[in-house]
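Enquirer: Sequence:
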Amino acid sequence: MKMGNHKESAIKKRTFRSALIEMLEREYKLIGSHKVIELIADDICQLRDEFYPRAGEEAYGNLAWVTTSSDNKKPRLGQRVEDYKNTRISLPLISEEDLQMLENLTSTERDKAKIVRLVNSAYEQGGLLTIEELALMVNRSPMSISKRIKEYQEEHQVVIPIKGNKLDMGPGITHKRIILDLYEKKVAPPDIARQVNHSQEAVDRYIKDYERIRFLVRRGMEITEISHLTGRGKQVVKQHLEIIKHHHPELFETGQAPDICPDTGTGCSPEPSNNKDF
Numbered sequence: 001m002k003m004g005n006h007k008e009s010a011i012k013k014r015t016f017r018s019a020l021i022e023m024l025e026r027e028y029k030l031i032g033s034h035k036v037i038e039l040i041a042d043d044i045c046q047l048r049d050e051f052y053p054r055a056g057e058e059a060y061g062n063l064a065w066v067t068t069s070s071d072n073k074k075p076r077l078g079q080r081v082e083d084y085k086n087t088r089i090s091l092p093l094i095s096e097e098d099l100q101m102l103e104n105l106t107s108t109e110r111d112k113a114k115i116v117r118l119v120n121s122a123y124e125q126g127g128l129l130t131i132e133e134l135a136l137m138v139n140r141s142p143m144s145i146s147k148r149i150k151e152y153q154e155e156h157q158v159v160i161p162i163k164g165n166k167l168d169m170g171p172g173i174t175h176k177r178i179i180l181d182l183y184e185k186k187v188a189p190p191d192i193a194r195q196v197n198h199s200q201e202a203v204d205r206y207i208k209d210y211e212r213i214r215f216l217v218r219r220g221m222e223i224t225e226i227s228h229l230t231g232r233g234k235q236v237v238k239q240h241l242e243i244i245k246h247h248h249p250e251l252f253e254t255g256q257a258p259d260i261c262p263d264t265g266t267g268c269s270p271e272p273s274n275n276k277d278f
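Position 181, counted from 1, in the sequence shown is what our numbering calls 181; the numbers after and before it change by one each time, with no gaps.
Calculated directly from the structure, the hints in this document are not laboratory data.
A quick note: this is a predicted structure, and the numbers were derived from the prediction, not measured.
We put the CB at the ideal spot given by N, CA and C, even for glycine.
A couple of the hints might just be wrong.
[Stated by the list, open to error] Computed cross-link-like contacts, BS3-like style, restricted to lysine-lysine with a CA-CA straight-line distance of at most 27 Å:
id	residue 1	residue 2
1	85	74
2	85	29
3	147	35
4	85	186
5	74	29
6	147	245
7	147	73
8	208	245
9	150	74
10	35	74
11	35	73
12	208	186
13	74	208
14	238	185
15	234	245
16	29	147
17	150	234
18	29	73
19	185	208
[Stated by the list, open to error] Per label pair, the in silico range of CB-to-CB distance:
id	residue 1	residue 2	range
20	126	220	45 to 53 Å
21	235	71	25 to 33 Å
22	187	17	25 to 33 Å
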C-alpha cells in the first residue's frame, strides 16, 4: 500500500538532516538560499557518518577511527593538525590472533605484533597512524610505542608506515639507517623502496646525501664544513656519520683511500654551495 503524500512528507521532516536544516534556519538565523543551507546540512551529515558510524557497521573487535590520510604531502613549516586530510578507517583492535599470542608470546612481542597489525591495516585503507594514536589503542606510553617500533624495524629491516615515517617528519634515523644499511648490502634502490614502504624518490635522496657526506668524510671535513657544503643540518650530518662509521670505520682513521667524487667516479674537489640538493 502506497503511503499518503502528507504522511511521507511528515516522516521526511523527522530525519536528522531535516532537523538540522530547521535548526540552522531557526536557531542560527541563516539567511539566504535554502539550497545553500541544505548543502551545509549534507556536509555536516557526512562528517557525522565519518566520525560516528552507525551501530552494527563494524565487525566484532574492530575500531572505527579517523586518522591522517596517506594522500597528504610532506608537511610545510607550521602546518597544523587540522590542515591534514583525514580518512575514516576500521582497525582490527582485537582479533583471534591476540588470544593465541597470550599463550605463546611475551607482552613485548604481543605489543609489537599488535602495533604492526594496526599500522599496516590503517595503511592498506589509506590511513597513517601516529605514535600518539597507537599509544591510546595499545594502552602504552608514546615512548614505549616508539621503542617497540624501532625494535621491530631493526629486527626485520623494514619501515612500518606510520605518519612520521611516510611523511618524513622528525629525524627519521631508524628508517634512514635501514635504507642505507640495505644500500651498503648492495640491495638495488627499487628493491629498497619496496621493502621499506618508501618512495623511490625518497630512497634516492637518502643515498645521494649519504654518498656526498661519505665523500667529504674521506676529504677529512668536519661536521660544520660538511653541513655548510651539503646544505644539510648538523644533526642530519651526525646521523650519516654514525652510519658511515659503522660500515667504513677505516675512513675515520689515518691513511684513507684516494678521494672519489660520487657524481663522476673521479677525483674532484667540493665547492661551497647553497643548493639544498648538493
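Enquirer: Next, verify each hint and record whether it holds.
Expert: Against the structure, the hints come out as follows:
{"no.": "1", "hint": "85 <-> 74", "in the structure": "12 Å, holds"}
{"no.": "2", "hint": "85 <-> 29", "in the structure": "30 Å, violated"}
{"no.": "3", "hint": "147 <-> 35", "in the structure": "52 Å, violated"}
{"no.": "4", "hint": "85 <-> 186", "in the structure": "37 Å, violated"}
{"no.": "5", "hint": "74 <-> 29", "in the structure": "41 Å, violated"}
{"no.": "6", "hint": "147 <-> 245", "in the structure": "23 Å, holds"}
{"no.": "7", "hint": "147 <-> 73", "in the structure": "26 Å, holds"}
{"no.": "8", "hint": "208 <-> 245", "in the structure": "17 Å, holds"}
{"no.": "9", "hint": "150 <-> 74", "in the structure": "21 Å, holds"}
{"no.": "10", "hint": "35 <-> 74", "in the structure": "37 Å, violated"}
{"no.": "11", "hint": "35 <-> 73", "in the structure": "34 Å, violated"}
{"no.": "12", "hint": "208 <-> 186", "in the structure": "15 Å, holds"}
{"no.": "13", "hint": "74 <-> 208", "in the structure": "19 Å, holds"}
{"no.": "14", "hint": "238 <-> 185", "in the structure": "21 Å, holds"}
{"no.": "15", "hint": "234 <-> 245", "in the structure": "16 Å, holds"}
{"no.": "16", "hint": "29 <-> 147", "in the structure": "53 Å, violated"}
{"no.": "17", "hint": "150 <-> 234", "in the structure": "22 Å, holds"}
{"no.": "18", "hint": "29 <-> 73", "in the structure": "39 Å, violated"}
{"no.": "19", "hint": "185 <-> 208", "in the structure": "16 Å, holds"}
{"no.": "20", "hint": "126 <-> 220: 45 to 53 Å", "in the structure": "48 Å, holds"}
{"no.": "21", "hint": "235 <-> 71: 25 to 33 Å", "in the structure": "29 Å, holds"}
{"no.": "22", "hint": "187 <-> 17: 25 to 33 Å", "in the structure": "55 Å, violated"}
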